[in-house]
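Novice: When you get a sec, could you build the whole thing from the sequences and use the hints?
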Amino acid sequence: MTRIRFQQSLEDLKENLLVMAGLAEQAIQRAIEAYRVRDLSICDLVNRSEIAINRMERDIDQSALDLLAMEQPMAIDLRFILSVIKINADLERVGDAAKSISDRVRLMQQMAAVDLPVDIPRLASMAADMVRKSLQAFIEADAELARGVLSMDDAVDQMNRSAFKALTKVMEEQSHLAPQALNALMICRSLERVGDHATNIAEDVIFWVQGADVRHYKSVAKTAAAPSTETNTTPAGTASAQN
Amino acid sequence: MNGARVQTEFQFRARLRGLTNGAATFLAVLSTILVILPLVAIFVYLIIKGARSLNLDFFTQIPKPVGEAGGGMANAIVGSVTLLALASLLGVPIGIGGGIYLAEFGRGSRLATAIRFTADVLNGVPSIVMGLAAYALIVTPQGHFSALSGGVALGIMMIPTICRTTEEMLLMVPHAVREAALGLGVPNWRSVLSITVRTASAGIITGCMLAFARVAGETAPLIFTALGNQYWSTSLNEPIAALPLQIYVYALSPYDDWHRLAWAGSLVLIVLIVLAVSLVRYVTSRGVLKGAS
Amino acid sequence: MGVGIEVNNLNAWYGSNHTLQDITLNIPANHATALIGPSGCGKSTFVRCLNRMHETNPIARVTGTVRIGDLDIYEGTTPVEIRRRVGMVFQRPNPFPTMSIYDNVAAGLKLNGYNNRRALDEIVEKSLKNSALWDEVKDELKKKSGASLSGGQQQRLCIARALAVDPEVLLMDEPASALDPVSTSKIEDLIFQLKSQYTIVIVTHNMQQAARVAEKTGFFLNGRMVEFDSTHKIFTNPSDKRTEDYITGRFG
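Going down the list, the protein sequences come from chains A, B and C. One point on numbering: in the numbering used here, the residue at position 18 of the first sequence is 18, and numbering is uninterrupted. One point on numbering: in the numbering used here, the residue at position 177 of the second sequence is 177, and numbering is uninterrupted. One point on numbering: in the numbering used here, the residue at position 223 of the third sequence is 223, and numbering is uninterrupted.
Think of the hints as simulated: they come from the structure by calculation, not from any bench.
Straight-line C-alpha distance at most 27 Å; calculated DSSO-like pairs for lysine-lysine: (1) 241(C) / 14(A); (2) 129(C) / 143(C); (3) 14(A) / 86(A); (4) 138(C) / 186(C); (5) 186(C) / 233(C); (6) 86(A) / 241(C); (7) 186(C) / 143(C); (8) 110(C) / 129(C); (9) 233(C) / 14(A); (10) 86(A) / 233(C); (11) 233(C) / 195(C); (12) 110(C) / 126(C).
Specialist: Take a look at the structure:
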């Protein structure tokens, strides 16, 4: 095989991204653990992970830029490097979300512990699961696994919406619990964001492996359906084709 | 320790290389001098021996009878020019045509191999034999000596040289140039004539010049064909004078007058050849770039 | 204006060497089509079959049809005729060394008996302008010989020479491979402009060049055409694994 050095550089890039992914996964796990056991020392660990993640984001972007400039990658190699750059950004945001959660945990320590009508641990484990699956899809270059992640996002969004409703109700009816409720709300939101980032990662894996751009498929389907309702062709058929 | 030994070894070798270089240069220069020396010697000798006999008479008068002073070789100069013109008229077209056939149209064919072989053999035929052949083929049927037969003999002698150099020069035209012409939709024959031959023209002309210079000085073939003539004659059907012939006859004669004329004639012959070649070179080097296709 | 080229089941042999096998494709009119592939894959041979230049080799043989426009170039016409409609630019610039710039450009016309002085002047000027060489040589058309120009200029001269006979198709066999980057860019810009008037087929080793100038690209391998598709598809997501391996440099 020719271009051995280039192939090796691609492998190294993948390795580095996986290290960063490991840090991001670890950060989320720790943040959730910190929430569960209310241990501030774990929050410190999360902060340190986040700093390392940021540093790696810069390094990986630099390596990817060098490869693009020096090696003129084509086809699948080009799509791979493009995906790495995008996944890189999403992993960094996951790190940010983890830090955000750990900051909320710190705040919660200063308040009384109360029971709230939300199952944050379950939401958290679903989001973490999405991250794990999307990264596994990346490791194994498995587009089917990635598509599986896309369908998990709906469940996470659903849980987040009902949590939002429940917590706003608490804030209205039991206003002395508002601070804790608000905290919980922000944590749910961060977790929902983690789910979105995992979805993005899955979409990038599909782009890399199959060359298909499956992003924003819901909104693309909506705008495609709209003109056809005007022209009186079967809208239902068109909408489902886009999915 | 090792480093120092390697260094002195290098220095030694460097000096040896320098000496070798110097020796080789010296030998090359020496060889060049040895090659040019005979040519220069001949020229100088001719000038010494022949220049004093050069005067206007030499170029305008025909030879005077033995014993009378004066006279010239005008008829021989004109005769040589006539014979060489005839020879070129015969030798150049046939030679170039043959060369074109060998290089462009007949490559690999058996006819081409035969032609090439014949040309090489013809090249090696002694000039006197050539003269005898012309005698048998032209003089005998005609019943008399003539300028025509002399011109034919010389012309045939030009053909092999021109033919082979033309072929060589045409083969040296890069394939890319031919492809360029063919790619434009030019028929093959037109491409050969207008592009390939034109590109090789400098070399082809050199070949013609070589052949010309060679036959300009040939004497033996003319002995049995043109015969030589003491008087003015430009008719093709009569014997004609020629510089080499005249020089030959005069040199072998016992008369001092004629000896002097012979020396002068030799000098003139050499100078004429040099002039002819230079003139052709000048004209064609100017013309090659300007010339329309 | 250019015409399309339709190739059906083209097979070519050099002696007993089966150089091209069952090539079938349609080259669109007024577009640039690039042919890529490793050395010895037959792309140069293919291009030479399009103007019957392969016939200059006595052991060459071809079966199948090539239609340029609606003309079958093997049955309906002679090689000389077809080469007047299909021009060719070679890898190494090959201007006629003994001719001036003017004579070089006019050579295709003059050698075919066209001698109208005024018309020739116009055609030479138009061709040199079309090949982006006019400004650089307009003052020395008849004084400078074709061979005294720089490499990039010589190649543009050859392009002008090919354009002067007003072909419908222009075949370019690695036209920029012997040139420096600046000259290469100029030639590529030229191809871009010429596309609207001629059909251009360009053989190239340089994939980035194919990506830059051609709308369609064909990948040749071992005498077969493996994939022929839009350039965009070939270089971002080719259908055949062999194409992908070649363009990513895994072999070749």
